[in-house]
Each structure stands twice: as C-alpha cells, then as structure tokens.
Amino acid sequence: MQNADGGWGYFPGKQSWLEPTAYAALALHGEPAVDRAWKLIESWQLKDGGWRPAADVQIANWTTALCVTIATLRGEFGGPFQKGVEWLLGSWGVESRLVNRMAVKMGRLEADRDLRLKGWPWKPNTSSWVEPTAHTIVALKQASSNGASKLSSKYRDEIRERVRMGEAQLMDVRCRDGGWNYGSRAVLGGDLPSYPETTALALLGLQGHADLSRSLERASQMARDQRSQMIIDQQDQQGAKKVNAPSPLARAWLRLALRLHGVNVDLPLGTPLRDVVVTAVDAIGAGANYQLFGTREVSREKPGAIS
Amino acid sequence: MSRSQTTLKTTRRDFIPVAGASLLAGVAGFEGAKPPVISRPESAAVTIIKARTYSEDLVKRMLEGIRECGLDVRGQKVLLKPNLVEFDPATCINTNVAMVAAALEVFQTLGASEVVIGEGPGHRRDTYALAEMARYRGEIADFDGRFVDLNRDDVSPVQGFADRGEIYLPNSALRADLIISLAKMKTHHWAGATLSMKNFFGLVPGSVYGWPKNELHHVGIDKSIVELSRIFRRSFAIVDGIVGMEGNGPIQGTPKQVGVMVMGSDLVAVDATCCRIMGLNPAGLEYLRMASESLGVIDEKRIQQRGESIISVRTNFDLIKSFQQHRLS
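Just so you know, the sequences run in chain order A and B. Going by my numbering, the first residue of the first sequence is number 1, and it counts up by one from there. Going by my numbering, the first residue of the second sequence is number 1001, and it counts up by one from there.
Read the hints as simulated data drawn from the structure, not as lab findings. Any given hint could turn out to be false.
Subject to a maximum C-alpha distance of 27 Å in a straight line, what follows is the list of computed DSS-like cross-link-like pairs (lysine-lysine) [stated by the list, open to error]:
no.	chain 1	residue 1	chain 2	residue 2
1	A	Lys118	A	Lys154
2	A	Lys118	A	Lys47
3	B	Lys1077	A	Lys14
4	B	Lys1077	A	Lys105
5	A	Lys83	A	Lys154
6	B	Lys1060	B	Lys1077
Model the full assembly from the supplied sequences, consistent with the hints where possible.
Listed below in structure tokens is the structure:
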C-alpha cells in the first residue's frame, strides 16, 4: 500500500497525504519502509517549520505535531525537529488573542471557554480544537522528555507552560458527560454530546493528568457501546434490527487511549474499507508498541477491565 | 454550531478582522483557469413538488420536478451532495436516505454518464460510520463503490476565495459537470437557515481545514456560503423538505413535517423559496442578501413558481430568538 514516493494515501491507490503516512510510519516504526516515508515527510516541511498535509497543499497545518512525534521517536533531532517544535510553540488558537480576552472582560463577547488558555488549531489563524491540541501535547511532551538535551532551556520552559495550558483547555472544553467532542461542550446553552474518537484523543493528550476518572469511565462505556454494536451488527444478519453502527476509527483510538491509561479493552480490529488511518491506528493500539503515543510509563495494564 | 468558541454581542468582525477584499472581487476558477464572468440572472424558476412521506414514489416526483425545471444531464458527470452531518435517532439531521436513493436512480435514468455521491461531514471523522447510521450504506445499492469521502479526497487549489486568496477543494467536486445539492430544509442557529447553498460547506476538505472546518467560520459563515456557491456554479438544488428541522437547527432542532421537495438551478432562488415556505423572510438572512447582489434571485416577483404554490405548502418553522424578527408576516 506504500506509494512510490514513500507515503500512503488515505486509501490504497490514492495520492500520499501526511496524516496516513504519519500513522503508517508509527505503526511500522523500525521497519525500512519508514526510512522512505521519513524522507518524504522531511521534504514536505515548509520554510517556517510547519508541515504541509500533502504535496499539492502549500499551507502548514496540525500534522506538524505528528511529524515532531515521529522525529522524536526516530531520534532525528536536527533542523526539521527544532523548527517543527518552534512552529508548534508559535501556534495557538486565535480565540486567545488579547483583543478577545479584553472583549470578554468588557462584556462585549461571550465565550464558552477560558480564553486565557491556549490550545492548538487545525491550521494557523483559526480557533483551537480538541484533536490538534491533543496531538500537539503528545508531540511536545515527547520532545521535551526524549529530546530534552537537544532543546534549548528556553524551549523546555515554554513547552512546559504550553502543555500545562493545553491540558487545562482540554479539561475546560470537556463535555458534561465526561467525554469530548470536537471542542464545544455546549451551544446556545444546550449541552452537546461527546464522541468516542475525540474522547480517546483527548485522553491521549491528558496522560498523567489527575481527575480523569469520569472521562475514563465515559471512554470505557463508549468502548462497551462499540462492542455491543458489533454484536447487534452480527445479529442483524439474522434479521434483528440494527440500532446503531460501529466506527472502526472510534474503536481504534479508544483501544489505544484506554490501553495507555492502563485499561485493556476487547474490541474487534479492522475496517472493511482498507482505510489506512484505521489500519495503522489499529496496528499501533493492538500491538506491542502501543507506547509510541505514550507520554508516561504505563506501569501495569488491567486486562479485561471492561469485559 | 461550531462557529467558534465565542459569541459576539456586537459582531464577530469587531474582534476577528478580515482583510478588506471585496466580496465580489474574487471569482473562482479551477487551478489557474480564467475566472468565469458572472452576471446576476434577472429571473429564475423554482419548482415545488408535494411528497407527504418518504415512502411515496419519490423517483416519479423528483423526475416530475426536474422536467419542470428543464434540466438536461445527458452525458454529464453528476455528484450528489447530500447533507450528512451527524446522527441522532431522535431527530432528522440528514438528508433522508430515500431522497438520496431516489436521486441516484433519477440521474441515472436521465442519462448522466456517471453519478457519484460525495460528502465531507464537518464534525465527525468517520464518514462511513455516519453513512451507516444514516442508513445510506444499507439502503443505497453499492454505496461504498459510489461514495467519495470529500474530507479525504485528493484536492486542488482554487483561486479567489474571499480574503484568503485560494481554497483547496476536492477533485471529485471540481471535476463534476454538475453538483446536485441534496440539502435538508432546516433552521440554522447562525445563518438562519441551512438549505442548498450552506450544504456546500461539506465540499471543503477536512484533511486541509480540519473538523470542524473552522476556516469558513473565520472567513465568515455568510461570506463562505456565498463564495462556495460562486465557485460551484454548475449546480442544481433538490431540497428535502418532506420532514425538515425547526428550532435550534442544524443539529439540535426538532422534526417539522412539511411534505415538499424544492428544486431549481438558481440555488439562491431555491433557498429564498424554501425560506418563504418556512415562514422566514429571505431578505433577512445575510447570506441570501449578499448572494442576491450577484449570484441569484430572491425577489419573489422575479421567481417563476412552478408546481405547487408557496402559500399552499407554507408552514411556519419555530425560530430561535435571534431570527424571530425575520418571520414573514
């Protein structure tokens, strides 16, 4: 499935994109195929240090975080890594601009979150959201621990502060049900529900954070739902009513995130669609190298905790 | 829904300045193509077809409406763009699967050389799981073989998108000869209504702009609606108004039985007609006011109404407080 340029498309036969390439590179960490992938990834870094998401796209975006994570895991602490970290530190959601914070103080702006907290956006000059914030926290935590000696002390201090604020923002936008959606806990005063895939991603970013029991219970419930939906699917073939559908992507992220939090889950693998992202995240989460996204030592698993 | 994490008491632009490029300055072409010259049409035709339930013969009804509009799709590559946003079994967020299945059959019957279905949901990453929940995968023949996840399609730059200069858009949409906006008739808590034009937000790729496509919110929802409609001029609207959504749409509203399909080639006129059916003054919606300056017609006197009359199908939708001033008398 690897393309001739060293990357992967979202689906086999499609042009290479950074996101599936990054997840495939993590899933195959240590394999020769990743060296070719890394060469392609390096070539997609823009002058400002950010990474573009595909060959034909000339704007940097959140996938820069994935590239910094891969660089750290590979021990590639040269220029691309340094510039990538710098780019991430220079990026934050525009909702935190001084003008907005002042407007809140003056009562001219209503915000559903604490605008003093800086998270990360999908692309520059937009607001911060759960998924890019979670991935960037993982990238910066790994960079500051595994690549600490390669970073200037100024960066180490800044990383610590941005990670603290990013984690606080994730907690601030947590839905009332304990999980996360894309990043809005309510609209017009009405609570919004959480999603399994974004709940799992937020938990990736919040590894080591206290006060996650409610969220872990919510994620475990989501995993149980995903599993029972599989059973309903099987029953459906025998004529039973299908009430909901499983999400292979949600299962893949839930398995990985819960495992990193010490909860082992029994969820089916795979997607009938040959979706490269799902396949790669499945491989990471179900394999021995699930700690690739780990930002702390996972001392002991609790197998079968949700069985 | 996810315009941003802030709600302005005055206007958003006070705080998130955008460059002063004229709305009308950028007319998009596909990757360096010469921008098309757009002149506002003087009149438009919109067809209203009654269909009380999704179990009626929607193919027959849809064919009837399309023929009223005089649309010829022979030999054309057609992209069906439903509104597939989120799933909540308690309400009716998405274009009903019966409408999508009927449209597929209709455009094949009418001689299109290719009919594909494409969507790029704004919140959920797993588009296929969403399609499963909305019963698209179960009830549309060979759905996976016909469907393109526009969030993860290959893309090309298009010049001239508001003040941003360019926007990346999915090749499946750019290469289509005709895009059918299979929208849902819903209220929208920021835009007033989400109909055939707002439906084009799903053409913007998450792979570049994220989930949600927050770039559009920062450009401005109304301006983005207009700009996307300007880019995708080769389009035709079929709005699913059999059961719409009122109140706090587009996600958290409640079902509203209307019993119509609304169709036409002028998406501005179609949306204006839908608004009148919903009891909304189209001139009160900023995106329609802007679009009426260059893209299409909202003046009722210049819209030739075919099929059913507006008055015979009008049913007032519940509106949230900020849009109640735009209730039609």
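So, going through the hints one by one against the coordinates:
{"no.": "1", "hint": "Lys118/A with Lys154/A", "in the structure": "18 Å, holds"}
{"no.": "2", "hint": "Lys118/A with Lys47/A", "in the structure": "24 Å, holds"}
{"no.": "3", "hint": "Lys1077/B with Lys14/A", "in the structure": "20 Å, holds"}
{"no.": "4", "hint": "Lys1077/B with Lys105/A", "in the structure": "53 Å, violated"}
{"no.": "5", "hint": "Lys83/A with Lys154/A", "in the structure": "14 Å, holds"}
{"no.": "6", "hint": "Lys1060/B with Lys1077/B", "in the structure": "22 Å, holds"}
Of the numbered hints given earlier, the model fails hint 4 alone.
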